[in-house]
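Peer 1: Protein chains in written order, with numbering that gives the first Met the number 0: chain A, 0 to 236; chain B, 0 to 374; chain C, 0 to 334.
Don't read these hints as lab results, they were simulated from the structure.
Careful: at least some of the hints might be erroneous.
[To be verified] Some but not every residue of chain C turned toward chain B, in silico, with C-beta under 10 angstroms:
1) 168
2) 222
3) 223
4) 304
[Said to hold, decoys possible] Per the computed footprint, the stretches of chain A lying under chain C, defined by three or more beta-carbons under 8 angstroms from a beta-carbon of chain C, are:
5) 40-48
6) 82-88
7) 161-167
Backbone N, C-alpha and C fix where the C-beta goes; we use that ideal spot for every residue, glycine too.
As a plain string of letters, each chain reads:
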Amino acid sequence: MLACKNITLTAGKKRLFELDELSLTRGLYALVGRNGTGKSTFLNAILGEVIPQKGEITLDGRKVNEITTAELAKKISVVRSRSQLFGDHKVQDVLLLGRLPYQRILAKPSREDLKIVEKVVKDLELEVLIQRTYNILSDGEKQLVMVGRAMVQDTPLILLDEPAAFLDLVNRTELIKHLHQLSQENDKLIIFSTHHIEIIDRYCDGLLLIDQNKLKCIEEQTFFMNEIKQAFGLNIG
Amino acid sequence: MGKNNLSLCSVFIGFLFFSCVEHQDKLEMSDTSSQKGEEVAIELAEGFNITYQDEFTKIETHSLVGNEDFQDSIFILHRQMTPSFTKNRKIVPKNWTSICCQSSTHLAYLQQLNQTDLVTGLCGLSYVTKGPIKDQLEKNKTAEICIGEAAQLESLLAQNPEIYFTYPFSSEQNRELDKKGVQTFMIAEYLEKTPLARLEWIKLFAVLFQQEKQASTYFDQVKKEYLQLAQEDPDTNKKFIFNLPFGDTWYAPSSNSLIVQLLEDAGLYYYFHDEVGTENMAHPNEKIWEIGGQVSYWVIVASRPEGFNLADLVAENEVYGTFKSVIHHQVIFCNTATTDYFIKGVIEPHIMLKDLLFATHKIREHNPVYFRLLK
Amino acid sequence: MIHQDKLLISVVIIGVAALFVLNVSYGDVSIPIADQFYILSSGKAEISSWSYILENRLFRSITAVLGGGALAVSGLILQVYFRNPLAGPGVLGITSGASLGVAAVILGGFALENQLTGVSVILSGVIGASLVLFLLLFLSRFIRNQVTLLVVGLMIGYFTAAFVNTLFLWADQSETRAFVIWGLGSFEGLDKTQLITFALLVLLVTFISVFTVKGLNAMALGHEYLRSLGIRTARLKLLMIIITSVLAATVTVYCGPISFIGIAVPQIIRLISRSKNHAFLIPACFLGGAFLGISSDLIVRLSANSLPLNTVTALVGAPIIIWTIIKMNRQFASL
């Protein structure tokens with residue numbers, strides 16, 4: 000469903016990386032690379048917010064920047080690294096925001112919207128949080144809620160920009176486990192960028208590694224650590 | 000302490016010394032004695048007195064009962080006095096070269112005494128209406144010495160006035176100015192209770208400029224004319240309201256204000272005649288709108304374009320069309336943009352009175368100067 | 000709608016209606032109720048000034064309701080768009096921008112006092128207000144701190160005041176006077192055509208704000224979520240500029256720079272309403288603003304017009320804002 004061809008990605012005048020060919024349909028993918036190599040830019044390029052200098056990114060065969068915003072919102076949902084809400088929304092309100100692309104001008108939630116929220120709450124075991132105020136949750140809880148919100152949006156593709164950046168080891172593992180589970184059960188493509196390489200080889204179906212201005216896709220789990228260590232110049236052993 | 004700090008320090012100390020320079024008082028240095036003038040008698044004014052002694056004449060201004068307390072005095076010396084006398088006393092110089100005024104009203108008296116050529120600084124220069132006074136000020140290259148109503152020390156010092164006539168608002172600031180060599184003198188002619196008493200302040204100015212005779216003659220003549228014209232009692236059938244609203248509020252002058260005195264001397268009866276007090280009274284617009292329907296006269300002093308007429312007035316607010324005074328064409332208007340109401344008006348109460356009598360058809364032949372019936 | 004929110008809306012509607020009736024029927028001139036009905040139904044009055052007095056009260060009450068509502072809606076949209084609980088047309092300098100436009104027209108001598116509400120003044124007010132918004136949007140790219148944006152807004156306000164004072168130098172006395180009166184703020188003094196223009200502008204633009212409902216809802220998550228939630232960011236920004244600057248400028252031109260309603264009302268409404276949907280929050284803020292507008296006008300009139308409108312709104316609004324700052328500090332300290 001997501002396909003990239005002959006991409007050259009730049010930030011201002013700086014060349015970030017090139018990507019010859021990439022085609023992903025489902026599974027959990029980790030996007031790894033050192034700071035400034037272009038992880039966020041790549042995610043934004045998939046969203047159509049950044050247009051690559053060369054090449055094209057397509058979703059189901061259509062260029063992303065030619066898909067209308069309204070349609071795109073039904074294909075891609077996003078989770079950012081740290082989301083502070085403006086307003087004292089309850090978790091229920093936050094989850095419902097995921098249904099915004101399906102609502103009409105007055106954003107009135109339909110019965111179906113509420114049903115979907117209910118289902119996600121059950122899947123992610125969010126029942127205890129549902130009536131609590133989002134902004135006073137712990138960072139781990141917040142990220143779980145944001146993943147839930149992305150689930151509620153019900154898109155085949157979910158992008159997460161360093162979702163684990165502010166989480167401790169336990170919460171990090173929990174989150175990735177959830178993502179793995181979601182991608183398996185719901186047949187979704189989930190891409191998340193991260194610096195936490197220790198968690199990826201158990202749960203990820205693939206590694207997108209940015210190294211020496213190239214993005215490589217490695218789908219053999221046993222190679223993950225080697226490739227990363229080589230790229231980062233770390234000693235093996 | 001580093002070398003740099005030391006040199007900075009010495010510069011700073013240098014400044015301190017500089018700021019301790021003895022300021023010379025030019026008045027103490029020169030002979031200030033002048034001839035004793037003809038004594039004047041004060042008949043109506045209550046805000047000042049003049050005391051004559053062999054050695055000096057003392058002019059004192061002070062608040063009237065019920066006003067905020069203030070007192071000020073200045074001396075005219077008739078012979079050389081000892082420094083112990085002149086110290087801390089305000090002395091009138093022998094020869095005038097420069098005068099500054101805080102109020103344009105002061106100009107009226109100076110003009111009548113032909114002294115406007117001495118005026119080198121004025122507060123609110125831009126508000127002086129076009130005319131002979133404005134021309135004279137332009138000729139003098141008179142400077143603006145205030146921002147708002149507060150005198151700017153440097154501008155004032157630059158004019159180097161022998162006297163600065165002020166309002167009696169801030170004795171604190173006056174003392175400051177006196178210390179810095181600007182001799183101030185408080186003038187409170189507007190606190191007088193009648194237009195004639197206000198006019199009599201011309202005698203105070205006359206003493207300063209030794210023109211007692213002209214002043215007395217002028218005062219007597221105006222007084223005679225005014226009293227001849229003034230009506231015994233205001234006529235309760237000729238009630239009037241005064242002025243225009245400021246935003247939502249209609250500020251009405253108190254019934255013992257000068258303007259109400261003048262209007263009642265013309266036989267009109269102030270609608271708020273019985274509301275006594277020294278301050279303006281604030282009324283909501285709608286109250287005056289209701290009153291306007293019953294009151295025969297409406298007197299307005301305001302700045303409007305030339306040729307302002309009744310229709311223009313009603314255009315400002317339709318409700319004025321329901322005013323009795325508007326319906327009967329009895330709106331008496333003084334345009335401060337085209338007449339010299341604020342300056343010359345002060346010394347011409349008799350002409351104002353005549354205008355009002357003409358407007359209320361008490362006299363037939365007159366060429367109005369300040370007040371006219373709105374057409 | 001949730002029960003609590005229904006109750007809130009009903010209370011506010013009843014409050015606005017009651018204050019409206021009170022503001023029309025009560026005054027320093029007492030007009031018998033029977034006469035009031037007679038005047039309002041027939042347009043004729045026993046005492047001719049009464050019909051004007053009543054009309055004046057009616058007009059100023061309508062102006063207060065619409066003006067208060069317009070400011071509150073403008074404030075709500077600004078707070079959510081800039082994600083800043085202390086934003087408002089006054090604080091961000093948008094009102095100042097409108098004032099500058101008005102000042103240029105009045106003091107520049109392009110219009111006379113009685114043309115205060117002509118097309119040229121409205122237009123220049125809107126232009127001034129939207130220029131400030133463009134400036135803020137430009138600066139907000141570089142500003143990460145919420146308070147910085149407010150300081151910029153305040154500086155725009157100071158600059159405007161200084162510029163206006165400079166214009167005073169060339170203005171003649173009656174122009175200066177007209178501007179000073181206007182600056183005190185008042186819902187009074189609109190004539191029929193002015194009121195109609197005012198009402199049409201306010202109602203029309205407030206109506207347009209329904210097109211921002213989804214965008215504003217999404218703004219709770221932040222700008223970086225807009226696109227993935229199906230919101231066209233450029234369109235939302237354009238609507239935000241048009242709505243907030245036209246509403247703020249219209250009120251400013253007709254009633255003077257009125258402070259605090261635009262910041263305090265959305266603040267309270269966002270806090271006490273359970274719903275986070277702007278399809279509810281926008282009308283709720285409009286009603287809340289109407290309530291504060293008409294109650295302020297009533298207080299002004301109870302004081303025999305001696306308390307200027309801005310004094311009254313400040314008395315009510317300033318404590319709310321201080322309370323918000325304390326609350327905001329607590330919230331961000333927990334980050």
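Peer 1: Now look at each hint and say whether the structure bears it out.
Peer 2: Structure-based check of all given hints:
Interface restraint check for residue 168/C: the shortest CB-CB distance to chain B comes to about 8 angstroms, inside 10 angstroms, so the restraint holds. The criterion of a C-beta within 10 angstroms of any C-beta in chain B is not met by residue 222/C, whose closest approach is roughly 42 angstroms, and the hint is violated. Hint status for residue 223/C relative to chain B: violated, with the closest Cβ pair at about 48 angstroms, above 10 angstroms. Given the 10 angstroms rule on beta carbons, the hint for residue 304/C holds: about 4 angstroms separates it from the nearest Cβ of chain B.
Under the rule that three or more residues need a Cβ within less than 8 angstroms of chain C, the assignment of the segment 40-48 of chain A holds, with 3 such residues. Against chain C, the segment 82-88 of chain A contributes 7 residues with a C-beta closer than 8 angstroms to a partner C-beta. That satisfies the three-residue criterion, and the hint holds. With 0 residues bearing a CB less than 8 angstroms from a CB of chain C, the segment 161-167 of chain A misses the requirement of three and the coverage assertion fails.
Comparing the model with each numbered hint stated earlier shows that hints 2, 3, 7 do not hold.
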